[in-house]
Amino acid sequence: MADQLAIGSRRGLKPALPLLLPAYLWLTVAIFLPLSAMVFFSFMTDLPLAGKEWSFTLGNYAAFFSQSLYSTLLFASLRLGLEVTLWCVVIGYPAAYVLAKVLKGRSREAIFLLVILPFWSNGLVRIFSWAMVLREGGILDTALNAVLPFKINIDLMYSYPAVIIGLVHSYVPYMVLTCYLTLQAIDNSLIEAGRSLGASRLQVLWRVIIPLSMPGLIAGAALIFVPVVGSFMEPRILGGRTGTFYGTVIEDQFVAVFNWPLGAALSFILLAVVLIILALAAPVLRRAG
Amino acid sequence: MRMPRLTAFLTATAVFVSAFTLAAQAAEEVHVLNWKGYGADEPWAVANFEKATGFKVVNDFFNSEQEMLTKIRTNPGLYDVVMINAAFNDQAMAGKLIQPIDVSKLSNYADIAKDKAGSPMLNHDGKVYGVPWVWGLTALAINDKSFDKPPTSIAEMWGPAHKGRVIIRDDAVEAVQFGAIASGQNINDIKDMDAVKAKLTSLMPQIKTFWSSENDWNQMVASNQIDIGTYWSGSADRAKTHFKLPVSLVIPQEGAVAWLDAFSIPVGSKNVAGAEAFINYMIDPKFYVEWVTKVGAPVSANTKAVDALPEDAFNRKVMGSPDVAKRIQFQAPVTDEQREKYLALWQELKVNVK
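Line order of the protein sequences matches chains A and B. The numbering of the first sequence is my numbering, which starts it at 2 and goes up by one. The numbering of the second sequence is my numbering, which starts it at 16 and goes up by one.
I should point out that these hints are in silico values taken from the structure, not numbers from a laboratory. Quick caveat, the model's predicted, so the values are computed rather than measured. Even for Gly, the Cβ is constructed at its ideal location relative to N, Cα and C. Worth double-checking, as some hints may not be accurate.
Said to hold, decoys possible - Listed next, the in silico EDC-like pairs over lysine to aspartate or glutamate satisfying Cα-Cα at most 16 Å (straight line):
#1 B:Lys71 / B:Asp56
#2 B:Lys178 / A:Glu137
#3 B:Lys178 / A:Asp156
#4 B:Lys309 / B:Asp75
#5 B:Lys111 / A:Glu54
#6 B:Lys66 / B:Asp56
#7 B:Lys86 / B:Asp75
#8 B:Lys111 / B:Asp75
Said to hold, decoys possible - Quick look at which bits of chain A chain B covers, simulated, 3 or more residues with Cβ under 8 Å:
#9 68 to 74
#10 111 to 119
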């Protein structure tokens with residue numbers, strides 16, 4: 002019986018192989034190999050280019066612990082990730098709810114299009130357009146001063162809020178999309194049942210809708226938190242002198258000082274920290290879900 | 016049956032792609048690596064050179080000296096001409112990235128100022144590894160709208176009137192050397208790092224943002240967001256002449272950092288003859304005068320080229336004056352050890368503003 006099952010599954014695997022092959026070939030070539038090379042680099046003293054001497058070392062990882070600089074920046078980046086995720090929930094979840102439960106037909110399609118429209122433009126273009134809006138004498142400043150009777154000075158450019166605004170704008174569609182999918186799947190009769198049994202709107206939201214849409218919230222949060230912690234382009238352009246984060250320091254190691262080993266080591270420390278955070282959060286989130 | 020066909024398909028794709036890449040890299044192309052908007056990529060210059068020699072110029076750019084070194088390290092054989100700051104020539108030569116140049120093939124080489132051509136930074140074991148092109152200063156530039164008369168001292172950067180309206184380049188070496196000048200030290204032999212650190216620490220709250228390309232600087236002035244900042248002399252000239260921006264160069268009384276830019280030929284260049292022709296064209300007086308007039312440029316290392324400028328030209332009158340020569344300090348090579356020390360200090364300063 003067991004043998005028969007094994008043969009059956011093997012028979013199932015063989016025709017599936019050509020279907021799986023492209024994806025796994027791609028993963029091996031495009032992700033696994035470069036990533037292993039980076040792991041290798043992170044333990045080297047120097048890159049083996051142009052006949053340079055090199056040996057194995059743990060020094061690149063030790064550098065992270067010997068200087069408070071890196072841990073300070075890592076905490077700043079984790080905080081940035083949390084804040085951006087939080088704002089994405091605050092802004093994205095209600096939008097997803099309206100899309101899934103309130104709007105129907107054409108209007109839903111139109112609003113949906115507006116949500117995913119930013120995805121169709123290049124990330125750098127989005128960030129530079131924010132630069133035009135946020136700076137002193139920029140679009141926001143000029144527009145508000147034209148409308149308001151008193152003079153206000155808005156110069157958000159090159160500040161921490163500017164980085165948050167730019168990142169939230171870039172990542173909020175992820176939250177809307179993941180939440181929309183789970184919210185749409187909630188059976189309306191569950192909400193109606195709750196209401197007819199005497200629950201207030203708030204109670205229905207808290208006891209029925211949020212728990213049922215939790216998987217979407219978690220997926221969205223993970224999709225946003227992880228890239229934001231390592232982000233470097235947005236902080237560099239929008240953050241000005243306050244735009245130094247863990248991601249920008251890693252970028253400097255690769256681009257500015259050609260210290261790939263240290264850059265690789267810093268990246269893997271970030272990966273480890275993010276994995277630990279997700280692992281610690283998993284049981285809590287699973288219970289909530 | 017299925018598998019061999021897939022393999023055949025993949026092989027065909029690989030062959031096709033590599034044939035395509037080879038065809039694109041014809042021998043008659045000269046691949047040039049330089050800063051963007053820095054002479055070598057001027058459309059009129061490229062057109063003149065292509066018409067005169069028949070070579071085709073392909074420009075590529077970098078945003079920092081380290082990026083330039085990374086590009087020639089990781090793409091051996093791709094570039095034929097690379098523009099290297101003389102202070103980095105040593106490092107490029109030691110890394111076996113550039114080859115000796117046969118200067119007898121360059122008809123304009125004899126006109127290069129002797130002190131520049133003979134610079135120990137560009138000559139190793141009697142061989143020439145870099146042909147001096149232009150030199151200039153990392154000094155201050157001001158937004159004319161913010162000043163009635165130009166300041167004379169570097170201390171202006173720390174003035175309360177300019178709080179949040181100062182810009183400096185995001186570059187550890189440049190920042191530290193700037194701090195050395197502000198604290199009255201020799202940029203190539205900094206004795207008191209604490210003084211440099213103190214100077215830069217008190218400068219941080221003044222700063223609006225950091226710049227990394229000319230475009231950044233010019234946009235900040237165009238939108239009137241800055242008053243004063245560190246800038247390169249050639250770039251300030253270009254901002255004024257070419258982009259018609261209200262920018263003036265200031266050489267502070269405390270001094271300024273001088274640099275020498277030179278052309279080198281990377282090891283493995285596929286078109287050395289084309290590279291030599293291009294370098295010779297770049298140091299030609301005719302190209303230089305046109306560059307200064309149309310666009311704005313630093314000072315040519317070719318004495319005949321500078322003499323071809325009008326007498327009252329900034330690059331001839333001010334940059335060539337003995338008074339300026341006394342104040343400026345030429346940048347010497349920076350060791351890896353120093354560079355790492357400077358970077359650590361710079362990163363610490365940037366983190367502490369949080």
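Hints, one by one, checked against the model:
no.	hint	in the structure
1	B:Lys71 / B:Asp56	holds (12 Å)
2	B:Lys178 / A:Glu137	holds (15 Å)
3	B:Lys178 / A:Asp156	holds (14 Å)
4	B:Lys309 / B:Asp75	violated (22 Å)
5	B:Lys111 / A:Glu54	holds (14 Å)
6	B:Lys66 / B:Asp56	holds (15 Å)
7	B:Lys86 / B:Asp75	holds (10 Å)
8	B:Lys111 / B:Asp75	violated (21 Å)
9	68 to 74	holds (count 4)
10	111 to 119	violated (count 0)
Comparing the model with each numbered hint stated earlier shows that hints 4, 8 and 10 do not hold.
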